[in-house]
Amino acid sequence: MLALAASVSLAGGLVFIPISLAGQSAKPDFTGLWTTYTDPAAGPRAGGPGRGGGPPLPMTPEAQKKVADYRALIGTSGDTPGGFCLGTGMPGSMLGSGGYPMEIVQRPEQINITYEAHNEVRRVYLGDRIVPAADRVPGRNGNSSAHWEGDTLVVETTHLIEQVDQRYAHSNEAKIVERYSLSTDSRGTKVLTAEMTLTDPAFYTKPVTDTKKWAYVPNGHLLPYECAEEGWNIHLEELAKKAAQGAKK
Amino acid sequence: MKQLVSLVSALALVVALGSTASAHHSAVQYDFGKSATITGVVLKFQAINPHMRLTLRVTDDKGTREVELEGHSTNNMYRAGYRDGMIKYGDKITAIVAPLRDGREGGYMVAATLPDGRRFGVQSAAERAREREKAEGKP
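Just so you know, the protein sequences line up as chains A and B, in that order.
In this note's numbering, each residue's number is its place in the first sequence (first place is 1) plus 16.
In this note's numbering, each residue's number is its place in the second sequence (first place is 1) plus 10.
The shape of chain A in the complex, shown without the other chains:
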């Protein structure tokens, strides 16, 4: 909820009173820093679909071949997009971004989500800010628009590019719907639950679902995540070597 703090002089002191903006119904405020939630009652995390131990994903034969080809190409190298300073992309980003925290800054018409790893940013537009479909630019995190259903924020993401390099491989036809809601656990921790449904007839024979829970971190800070600097430094070192070799000639 976007709120104003009105200051009222009362008995010689200032009292701050939150006031909803005119025309804005009260909505949950997701603003803040969130880290992976650990359920105190849960045992070790069970393997979900696509993870070790989970049921196989309902992939089409074409998608299975694409994923198999990608895995064969990577082989035993352990290479990942992140190892090359490339962000995970959706839905990997919203499902945890490698365990790093995320920051949400919320306004009524736009919600920005920054995943610390690789500084991945998603801009979720609401109402008049929603980008017309013809103007959307495809990318690893796609384009996201949202609306409220009661206290649940429903985010729809389209214009994704084909990705076989993450847990939930998908085509460029994929549509991802996330439903975000707040709750409080038995320890009093504020929990943000994100229920994800991935629909992609080109890659899956039926929708795929997963859930991610985030724990609120009071007064938490996201850290900067520069990653490409090393590659740039290596390039400069190579240029310096060439320059030194040229000077000797």
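DEER-style ranges, computed between Cβ atoms: (1) A:G166 x B:K54: 49 to 59 Å; (2) A:G166 x B:R114: 56 to 66 Å; (3) B:R67 x A:T213: 47 to 57 Å; (4) A:D45 x B:L53: 46 to 56 Å; (5) B:R75 x A:A260: 21 to 31 Å; (6) B:T74 x A:T174: 56 to 66 Å; (7) A:P77 x B:E141: 39 to 49 Å; (8) A:P71 x B:R128: 41 to 51 Å; (9) A:P44 x B:R75: 53 to 63 Å; (10) B:T74 x A:N249: 20 to 30 Å; (11) A:G247 x B:T74: 28 to 38 Å; (12) A:E254 x B:R114: 23 to 33 Å.
Calculated cross-link-like contacts (lysine-lysine; reagent style DSS-like; alpha-carbon spacing at most 30 Å): (13) B:K54 x A:K264; (14) B:K102 x B:K44; (15) A:K257 x B:K54.
Hint data in this document are derived by calculation from the structure and do not stem from the laboratory.
Please read these numbers as outputs of a predicted model, since none were measured by experiment.
All C-beta atoms in this analysis are idealised placements derived from N, C-alpha and C, irrespective of residue type, glycine included.
Starting from the known structure of chain A, arrange chain B on it as the hints suggest.
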């Protein structure tokens, strides 16, 4: 006061996000089920992502040589106690590492002990094993 996020899933995350002298990173060559220590003088140190880089000059009965290490991301090390300026060139430090699988010298730094005794980083495999044994009531 700045509150830090707990280091949940740090090991899994760094491995997932992914080494060599090139600018790409993979942690698959390290054995995270084992731990070792490497003590030496800091010749080079880079607090970078996705993995820290450290070069130590090691001197022991095998002689003197340079050993290159990489480690957890600077972000994760920060949440595990690392702060800017802690590692200085010329300091003698001990790196706690997951060793290379192929037996070569080197490893993936999960923690480090500084000359003044301070330590930053996460638990090593050996420390985790000791904690498990303690929890199970083993001596």
